[in-house]
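Residue numbers (my numbering), protein chains in the order written: chain R, 1 to 322; chain G, 1 to 427.
Worth flagging that the hints you see were computed from the coordinates, not collected in a lab.
Built from N, CA and C at the ideal position, the CB exists for glycine as well.
Listed next, with one range per pair, are the computed distances between beta-carbon atoms:
no.	chain 1	residue 1	chain 2	residue 2	range
1	G	K417	R	W190	36 to 42 Å
2	G	K417	R	S142	35 to 41 Å
3	G	K417	R	G37	53 to 59 Å
Pulled from the structure, derived: some chain G residues nowhere near chain R, Cβ distances all over 12 Å:
no.	residue
4	A52
5	Y174
6	K187
7	W272
8	T351
9	R353
10	D367
11	Y375
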Amino acid sequence: MTQSPTLSRRPPRSAPSQPRTSRRPTSKRSGADARAGYTFLLPWLLGFIALTVGPMISSLYLSFTNYNLFDAPKWIGLDNYVTMFQDERFLQSVGVTVGYVVFGTPLKLAAALAVAMLLNSARKGQGFYRSAFYAPSLIGASVSIAIVWKAMFGDAGPVDQGLSFFGINLGGWVGNPSMTMAMFILLTVWQFGAPMVIFLAGLKQIPADLYEAASMDGAGPVRKFFNITWPMLSPVVFFNLLMETIHAFQIFSSAYIISNGEGGPAGSTLFYTLYLYLRGFSDFRMGYASAMAWLLVVVVGVITLIFFKTSKSWVHYSGDSK
Amino acid sequence: MISRRSFITTVAIGSASAAALAACGSPAASQTGSAENPVTINYTWWGNDDRAERTRKAIALFEGKNPDIKVNGNFTDFAGYWQKRATEAAGGGLPDVMQWDLSYLRDYGQRNQLLDLGTVKINTDAFEKSLLPSGQIKGKTYGIPTSTNAFAVYYDPAKLASLGITEPTGKWTYKDYNAFLAEVGAKGNGALFGATDYTSVWWMFNIWLRQNNIEAFTEDGKLGFTKDDLKKWWNVTAELRGTPAIVSEERVTQLAPKSPFGSNVTGSEVTWDNFMASYLGDSGAKELKLVPVPSDDADNLGLFLKPSMLMVASAKTKYKDAAARFIDFMVNDPEVGQIFKTSRGVPASKTQRDGTTFEGTDKLVVDYEKSIEQYLKDAPEPPIVGFGTLESSFKRVASDLNYGKLTVDGAADAWFKEAEDLIKQNA
Numbered sequence: 001m002t003q004s005p006t007l008s009r010r011p012p013r014s015a016p017s018q019p020r021t022s023r024r025p026t027s028k029r030s031g032a033d034a035r036a037g038y039t040f041l042l043p044w045l046l047g048f049i050a051l052t053v054g055p056m057i058s059s060l061y062l063s064f065t066n067y068n069l070f071d072a073p074k075w076i077g078l079d080n081y082v083t084m085f086q087d088e089r090f091l092q093s094v095g096v097t098v099g100y101v102v103f104g105t106p107l108k109l110a111a112a113l114a115v116a117m118l119l120n121s122a123r124k125g126q127g128f129y130r131s132a133f134y135a136p137s138l139i140g141a142s143v144s145i146a147i148v149w150k151a152m153f154g155d156a157g158p159v160d161q162g163l164s165f166f167g168i169n170l171g172g173w174v175g176n177p178s179m180t181m182a183m184f185i186l187l188t189v190w191q192f193g194a195p196m197v198i199f200l201a202g203l204k205q206i207p208a209d210l211y212e213a214a215s216m217d218g219a220g221p222v223r224k225f226f227n228i229t230w231p232m233l234s235p236v237v238f239f240n241l242l243m244e245t246i247h248a249f250q251i252f253s254s255a256y257i258i259s260n261g262e263g264g265p266a267g268s269t270l271f272y273t274l275y276l277y278l279r280g281f282s283d284f285r286m287g288y289a290s291a292m293a294w295l296l297v298v299v300v301g302v303i304t305l306i307f308f309k310t311s312k313s314w315v316h317y318s319g320d321s322k
Numbered sequence: 001m002i003s004r005r006s007f008i009t010t011v012a013i014g015s016a017s018a019a020a021l022a023a024c025g026s027p028a029a030s031q032t033g034s035a036e037n038p039v040t041i042n043y044t045w046w047g048n049d050d051r052a053e054r055t056r057k058a059i060a061l062f063e064g065k066n067p068d069i070k071v072n073g074n075f076t077d078f079a080g081y082w083q084k085r086a087t088e089a090a091g092g093g094l095p096d097v098m099q100w101d102l103s104y105l106r107d108y109g110q111r112n113q114l115l116d117l118g119t120v121k122i123n124t125d126a127f128e129k130s131l132l133p134s135g136q137i138k139g140k141t142y143g144i145p146t147s148t149n150a151f152a153v154y155y156d157p158a159k160l161a162s163l164g165i166t167e168p169t170g171k172w173t174y175k176d177y178n179a180f181l182a183e184v185g186a187k188g189n190g191a192l193f194g195a196t197d198y199t200s201v202w203w204m205f206n207i208w209l210r211q212n213n214i215e216a217f218t219e220d221g222k223l224g225f226t227k228d229d230l231k232k233w234w235n236v237t238a239e240l241r242g243t244p245a246i247v248s249e250e251r252v253t254q255l256a257p258k259s260p261f262g263s264n265v266t267g268s269e270v271t272w273d274n275f276m277a278s279y280l281g282d283s284g285a286k287e288l289k290l291v292p293v294p295s296d297d298a299d300n301l302g303l304f305l306k307p308s309m310l311m312v313a314s315a316k317t318k319y320k321d322a323a324a325r326f327i328d329f330m331v332n333d334p335e336v337g338q339i340f341k342t343s344r345g346v347p348a349s350k351t352q353r354d355g356t357t358f359e360g361t362d363k364l365v366v367d368y369e370k371s372i373e374q375y376l377k378d379a380p381e382p383p384i385v386g387f388g389t390l391e392s393s394f395k396r397v398a399s400d401l402n403y404g405k406l407t408v409d410g411a412a413d414a415w416f417k418e419a420e421d422l423i424k425q426n427a
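Start from the sequences and build out the full structure, keeping to the hints where you can.
Dropping the structure here:
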C-alpha cells in the first residue's frame, strides 16, 4: 500500500499542445499516432475497465441491496446507507479513522518536512541517510512490519522495557485501548519516507539566491522558513497533504494484523476499512460493505474538493500573480 | 477507493481457487481417476503446525491406499479460514473437501453450498446415533463429525500445589468455582490469575442455559432466551471483574492468539477438552487436568458432546466419489485415529476410537468424556444462520464489558441489538 514516490510535483501543464506555428497539419500522420497511442493504451484500458470500473459499478449496485454472497442480491434502496448511521460500530469506526487522519497525517508530514530539510544541505553520507529514512516507507505496509510493531509494543516488548527503564510503566500498548491509537500514529509517522523524498525534490527547486538575499537583509532561520521555504514549497505541501490524507483513510493491513482482524481492544482500532471488511467477509453483509465503500469514496472526494478550494489562499505557484 | 483494494484481495484469493474449478461445468457427474491418471481433490482445514503435520501424514496414508486420488492440502488459522471460505463460496469455488465447524454449518448448508453426504457412500455405522443430527439440516446430512469434544475446566495441578491450593473435584456450584478463582488470584500474588472471564464464552453461556432448561435457539431460528437471562449470566462474575480472580482484558488481548492459560498467566480455564494438546505445548506444563464445569443443579450439568469438527464437501465438487472416500477414510480409518489421537477431539467413530491407543494426556481427555457420560444430553442441532457472527460478537461485547467500556445492562443491550438485527437480516 505504499504509494510510489512521485518526483514530479505536478504534471506538466499543457505539455502535448503544439505551438500554433507547428508545420504539421492535422493529417493522416496524427490519426496514425492516435491509433498507435490507443493500441499501446489498450492493455491498461482493458484492465481498467475489467478490474476497476466494472467492480466499482457492481459494488455501487450492491450497495443498494441486501447481499449475503450466496443468495441473489435483494434491492432495498437506501436502507444500507440509513442503517449505517444507527450502527454504533460504524460510528465508532468513523471516529477511530478520523482521529487517525487528523492526528497522524500532519505529524507524518511535519516529520517528513523536518527530515527533508535536514537532508537538504550537502553533507557527508547524505545518500546513506536519505535511503535509511526512506526505507521504512518501502516496507511499511507489509504484514511483517505490522507483526514486528505488535511485538515491539506488546507485553514486555522493547518499548515497554525501554520506557520502564526511565521509570514510565505503561505496560504493553497493544491491549490498552487508550494507547493503541498512539501506536498506529507512530507507525505511520515512522513511514514518512515517501513524502520526505517529495519534499526534498521541492526544496531543491527553491533558488539559493532567495536565501542569500534574505540573509543579507538579516533574516534568521525562522523568518527564512516562513517567508521563503513555506511559500515556495506550498504546492509540494499541498500535494503531500492531499496524498497522505487519502492514504490515511485507507489504512487496513496494519490494523488487521495488529488487532488479529477484530479491531480490538474495545474497538479502539476498528478502522473504517477494517469494519468494512468484517461486514463483508465475516458477517456476509456485502451490500452494507459496498455502501460503506461508496460512502468513503464520496467523503474522500469531498475532502479533496475542500482542499482544492481552500488551497487558493495558501498555495502559491510560481508565475501566479499573488 | 479502499473497496477496490479489498476487492483485489478478494479476486486474488478467489482466482487461486477459481483456477482449480474453472472447468466446473456439470456438477452432477462425478469424475473418477485411475492409478495412472489420478484425480486431484483439494482439502482445506484450520489449525496450527502440529495439525498440519498430522494431516500430512494422514493424507500420505490415504494416497498410498488410494492411488487413483491425489489430495492437495492447504490450511490457515481459524479466523482467516471463514473469510477465505466466504470469498470462495461467492466465486463458486469452494475446495472439494473441507474441515468444518458447527457454527457455520447452517450458513453454508442451508444455502446449498455443501454436498448432501447422504447421496454418496460414507459409512456412519460406527457413529453414536445421538451425534449424527448435529451434522444434519432438515434431514439432509451436510457434515460428518470427525470427533467429539465436551466442555471442561482445566487446571494445572503443579501450580495449585505450589500455591497450597487443594485440587478441585469438579462437583461445584458457580459460587464454589468463583471462590476457587478468587483463591488462586489472591495466592497467585500478581503472577497467577484465577482464569479468563468464563462468562465471555458463548458455549459456556449455552451450557448454563441448558442447566436452567432453556434452549439457546428456537426451532424457527429465533433466540430462546431473554435479555434478562443474559444479564443474569454476565452478573455471575460481576464481583470478580477487575480483581485477580480474572485476568485483565488487556493481558488477554496482548497474549492473543495464545490463551492466558496456555501462557501460564491463569490457573484455570473453561473450554473444550480437545485443547489439551495445544495447552500442553504452549504452557510447557507436565500435566493438566480436567474436571466438569460448575452447575447450581448437581444433576444437570448441561454438558453435551459436540462434534469438535466436521468433514464436509463442496456442493460443486466434480469428484464426489473421491471426496466421499477421503471423508470416509478420515473419519473411520483406525490408523488416522493413531495419527490424530485426541488433537481433533475424541474420535467420533467407534472403529477409529477402538483402533487408537490413548496414553498419557490423550487418555485424560478420553477418560474425561467417559466420566461425564451420565450427564450428557443430545448435542444441539446446528445453530442458526449467522451464528458465527453472533458467537464472535458475544466475545467482543463481553470483552468490552471486561474493559469497563460497558455495564452488564449495556452489554446485554448491545448484543441483543446485534443479534436481533442479524436474525432479521437472515429471515
